[in-house]
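Below are the chains, spelled out letter by letter.
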Amino acid sequence: MFDFLKKVFSNDETSSRSRANDRLRVVLTHDRIGSSSQLMETLQEEIIALIARHIEIEGTPEVHFITEGRHTALDISIPLKGR
Amino acid sequence: MEKKNSDSQVIVVTSGKGGVGKTTTVANVSTGLAKLGYSVVVMDLDIGLKKLDLILGLENRVIYDIIQVVEGECTLKQALVKDKRFPALYMLPAAQTRNKDDITTDQVLAVCNELKPDFDFILIDCPAGIEQGFRNSIAAADKAIVVTNPEVSAVRDADRIIGMLESANFKDIKLLINRLRPDMVRSGDMLSIEDLMEHLCIELLGVVPEDSGVVISTNRGEPIILNDRSSAAQAFNNVVHRLLGKEVEFMNIEQDSFWSKLKRNLGFKH
Chain A
4 MFDFLKKVFS NDETSSRSRA NDRLRVVLTH DRIGSSSQLM ETLQEEIIAL IARHIEIEGT
64 PEVHFITEGR HTALDISIPL KGR
Chain B
-19 MEKKNSDSQV IVVTSGKGGV GKTTTVANVS TGLAKLGYSV VVMDLDIGLK KLDLILGLEN
41 RVIYDIIQVV EGECTLKQAL VKDKRFPALY MLPAAQTRNK DDITTDQVLA VCNELKPDFD
101 FILIDCPAGI EQGFRNSIAA ADKAIVVTNP EVSAVRDADR IIGMLESANF KDIKLLINRL
161 RPDMVRSGDM LSIEDLMEHL CIELLGVVPE DSGVVISTNR GEPIILNDRS SAAQAFNNVV
221 HRLLGKEVEF MNIEQDSFWS KLKRNLGFKH
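Each protein sequence line maps, in turn, to chains A and B. Numbers given in our numbering equal positions in the first sequence, counted from 1, plus 3. So in our numbering, spot 228 of the second sequence is number 208, and the numbers just go up one at a time.
Hints in this document: simulated from the structure, not taken from any laboratory. A hint or two may mislead.
Claimed, not checked - Computed footprint of chain A on chain B, listed as stretches where at least three residues anywhere in the stretch have a Cβ under 8 Å from a Cβ of chain A: (1) 168 to 174; (2) 224 to 231.
Said to hold, decoys possible - A short list of chain A residues far from chain B (calculated; beta carbon distances all over 10 Å): (3) 23; (4) 27; (5) 34; (6) 46; (7) 48; (8) 49; (9) 60; (10) 64; (11) 72; (12) 76; (13) 77; (14) 78; (15) 81; (16) 83; (17) 85.
C-beta atoms are modelled at their ideal positions from N, C-alpha and C, and glycine is treated no differently.
In isolation and in its complexed conformation, chain A is listed as follows:
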């Protein structure tokens, strides 16, 4: 009984459709700029290393692609340590 109610009201976060959307988002972003999925890690490491040489970083910096239409931008967020 609960199973079917869950199915009726679920917002399908685990559906194969949402998996397909997630995978496509990643793969299309990389296809468009001609990069590999490894790039993100490399970027994160190198950017952090560069910033850390000059200012103290606090917490975990984040590097993301953001897409608008068919255009892509790099979104870098680096929390800095306050005094």
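Dock chain B against the given chain A, drawing on the hints supplied.
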């Protein structure tokens, strides 16, 4: 042949991935346009792997092909095959025993320019892939229809093709979603129209639902657009009207009510 308009539109139908329905689209859209009285020629550039003659049911009428035209073995007029049903529809066949490198972009351009005075629409059936055959197919076109299926591999290839068309300075690129299964979208097992629009970000030209009638019409060599009762035919008709600049509402194929959702999950067929 009587032309309706003074200028001609050259439209390439392309997809990247094979088997998504390019040839079916070309056959149905061209038949639909010819049915409305426009003079139309379809150019099969899938050299070595031709299908368009079969889909249109014209395989027994083919005498010459486009390679023989560019090599001077026959004239363009001799190679054009007249459709059985509509006198305004012609097909320029591909060669089956040659390959994509046997014709250059300049030669395709020259053939297109020779066709323009006689036709309102020139539709180009582009081969799968991004090689010479694709470059030949887009060279002469000023509009593109990108055909895709609601499936990750087809969407990825469509995205690549759209990127290549944009680099080639195409301003008019439209999306045709083929073989959508509304029941699967509703149950969360297929990418929806909205999903595809979000990923590909180009204007939507049409959505053709999966329809077993397409196989049957292919078997017979009669484009499904001639079968008024089929949903695919209705979808292709809408595509034809949108190409002609008319505003046609999109069919509500994905919509589902609460009750049918409930019934489906209780095990009833809708």
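Now the hints, each set against the structure:
1. 168 to 174: holds (count 5)
2. 224 to 231: Since 0 is below three, the answer is violated.
3. 23: violated (5 Å)
4. 27: violated (5 Å)
5. 34: The claim is violated: residue 34 (chain A) sits with its nearest Cβ about 6 Å from chain B, within 10 Å.
6. 46: Given that every Cβ of chain B is farther than 10 Å from that of residue 46 (chain A), nearest at about 22 Å, it holds.
7. 48: holds (28 Å)
8. 49: With a cut-off of 10 Å, residue 49 (chain A) remains clear of chain B, as the shortest Cβ separation is near 27 Å.
9. 60: With a cut-off of 10 Å, residue 60 (chain A) remains clear of chain B, as the shortest Cβ separation is near 34 Å.
10. 64: holds (28 Å)
11. 72: Since the minimum Cβ distance to chain B is about 5 Å, residue 72 (chain A) lies within 10 Å and the statement is violated.
12. 76: The claim stands: residue 76 (chain A) keeps its Cβ more than 10 Å from every Cβ of chain B (closest is about 15 Å).
13. 77: Holds: least Cβ distance 19 Å, greater than 10 Å.
14. 78: holds (18 Å)
15. 81: holds (29 Å)
16. 83: holds (34 Å)
17. 85: holds (39 Å)
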